[in-house]
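Chemist: Residues per chain are reported as follows:
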Amino acid sequence: MTTQGGPARLTRPGTQPGREPESPNPPGPGSQPGREPEIPSAADNAEWIATPALTRAIAMTLLLLVLAVVLGRADLAVVAVPFVVGTAFALHTRPQRRYRVELATRQPYRVEHDELPIDLMIDNPDGHAYDMIVVRRAETEWFADSDRDRPLAVSVPGAEAGTAPRTTVALHGTTRRWGRHTFPPVVAMAWTADGLLRGREVRSEPLAVKVFPRTDAFEADDAMPKAAGLVGVHRSRRPGDGGELAGIRRFTPGDRLRRIDWRASLRARELHVAQTLSDRDAELVIVLDVLHDAATRPPDVTTVTDITVRAAAGIVEHYTSRGDRVRLLEYGGRNRALRAGTSRRHHLVALEWLLGVEAGEGPYHLIPGGLTGSTGWPFRRHVIPTAALLIVLTPFLDRRSVAMLAQLARSGRSVVAVDTLPEAARPATLRPSPWSDVAFRLWRLERQNTIAQLLEHGVPTVRWAGAGSLDQVLRDISRIAAATG
Amino acid sequence: MSALHQSRETLGSGAAAVRRISLDALLVRVLVWALGVGSIAVMLPSQMYDGTYHQAYGLSPVLVAVVVGVLSLLPAVLPGSKVVLGFQVLVVVGWIIRTTFLGFPPGFLAVAGVLVLALLLYLHHSVSGLAAAMPLDARLVPGVVRRWLMRLAVPALATVVVGVPALLARSRVGPLPTVVVPVAGVVLALVTAALLVYAARTVRR
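Read top to bottom, the protein sequences are chains A and B. Add 39 to the 1-based position in the first sequence for this note's numbering, that's all there is to it. Add 36 to the 1-based position in the second sequence for this note's numbering, that's all there is to it.
A few of these clues could be false.
No more than 25 Å apart at the CA atoms, straight line, and that leaves these computed lysine to any residue pairs for SDA-like [to be verified]: (1) B:K118 x B:L40; (2) B:K118 x A:A98; (3) B:K118 x A:L106; (4) B:K118 x A:R239; (5) B:K118 x A:K249; (6) B:K118 x B:F144; (7) B:K118 x B:Q42; (8) B:K118 x A:V173; (9) B:K118 x A:T94; (10) A:K249 x A:D332; (11) A:K249 x A:P204; (12) B:K118 x A:E86; (13) B:K118 x A:T221.
Estimated spans, in silico, between C-beta atoms of each pair [unchecked claim]: (14) B:L62 x A:R375: 26 to 36 Å; (15) B:L40 x A:L481: 33 to 43 Å; (16) B:L40 x A:P471: 14 to 24 Å; (17) A:P424 x B:S49: 33 to 43 Å; (18) A:A247 x B:V103: 27 to 37 Å; (19) A:P466 x B:L40: 25 to 35 Å; (20) B:L63 x A:E244: 57 to 67 Å; (21) A:Q146 x B:L63: 48 to 58 Å; (22) B:V113 x A:R502: 29 to 39 Å.
Some chain B residues well away from chain A (every beta-carbon gap over 10 Å; in silico) [what the hints assert, rightly or not]: (23) L95; (24) V100; (25) F140; (26) A174; (27) P191; (28) V227.
Derived by calculation from the structure, the hints in this document are not laboratory data. No residue lacks a Cβ here, since even glycine has one placed at the ideal position from N, Cα and C.
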């Protein structure tokens, strides 16, 4: 934690507020709209409430003076002097203008477990200092700092002529979890006149912060099973114009002359051409099954949604950087979809989209007959290209998810299921019984059965493990796709 | 079962609350306690410490120290309550009784005693205000206590400037005409009344 103070110019209301060059920590782009110190109006006047200390000071003064008079004791009058002078001086130098509290951050976009500095700024437009301002804030689950929800006691100096000092307290913490978060408004209460007076509560605006998922490292070396276009970075399984050498074959009418391999032709005494594989791009559809959530136990809580979002972020980053088109679909949650796209820009759009992922099933997206519906198509509004590779991130917690996978496989699409249930996830049993563990093991066996049945239907399932997770299954799927052709 | 569970929960929450107490807030409370001990120590006669009263009345210095320590603990624990006022009234009444029956210390010690008592009482009053304002689990940004204590320089200086001449003049002149003290008292009472009016005019009670 650090504190800084510095002068800030006063500006008249209505004038264009400019950035304060003297301000040590100007609000960042993600901060709430900055409120520059303005010439205060009558509404900005501070309202003070007497504390028991004021009552005490006056009572002691009266008592001492009355006793001094009654008993004729000068020493008691001397004892009363600091009470009289101290109270008068303190009341005379109390601030008349209300202070302002503001939250800001210079880095409104952070990644999970990154440090997030939040500046707590207090502007005092009055000429007198606030002896102590106690700032309280609610504890947030996503922001971890050493102080947690401890109140902060800050003293704020008074303004000099034409300037309003800004006291800045830096709260350093780390982001715990991805998502669109709100740093709760802080509530400040001021004490002045040596604690004789207490101010009313002043509340800041909340601060919006975006925390992006920490992308799990992901690499997939194998080609996509089916290509969607004639340009791209993947070598296809079909011959055509491209850079990847497929082999040498005899010249046939129609072959381009520049394809003739003269060295092989001389050796064979017959014209031969170098055959290449065509370059294709591919479309990838990532389906996020967020019908249900499950979590590991504290302190290292990892939920299905966490794994799903982090895995999706890693896969999107990998494929968009290679020029593939990636589409995202939410199965459950709010049943959202992100259009197909490629490039770095689409990667950033996908990360923003992922911040909105919420587990559960809302009432407005259910198709009659369940998510798979009687229509036979799990995604009511969305068309998935036949050539696209589907990666379904699912914890296999709902029969509808299994049915959806089987249905997609039956429709002839290449589907890979990624198991997102944390290894250490256990059912939340309020009253554990001796049979809980047995029941859980039975459920796990049943789940393994389901996964094996899906494999028989042509849906391989892998546990998410970051880099190389999908290589083996992608290779198998590519082989099947090439064979079925 | 439920009673045991409840008591365990109560103990747990109590332990958590104790763990949350910050060192800063604790030090301020210790300062209140120390100033309280100092006030009573100045108020009590020296016979309490040298064992004279131990032989006469059975009041051992250790017992006195324990009683003073426990008594001073009350304002430190409840700085925002009327206990602080009660404590200060007790010190003033004790000072009056002591000086009435045992007289003032000889020479300059009398002046110093009154000044020290005045300053200690005011410091105790002001730091109690700080302790009452500061939550027990608060983290202090450096400079808060320093700034608070620096503001006490004005009343302290005023006490010395007004008190030393007044007390010295009192001792040199000897017994003052009975009219001087009431007049000074009335003047000061008027100032206090003005202060009350000033405070009531702008401060919501």
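Chemist: Run through the hints listed earlier and report the numbers of any the structure violates, in increasing order.
Modeler: 1, 5, 6, 7, 11, 13, 14, 17, 18, 20, 21, 22, 25, 26, 27 and 28
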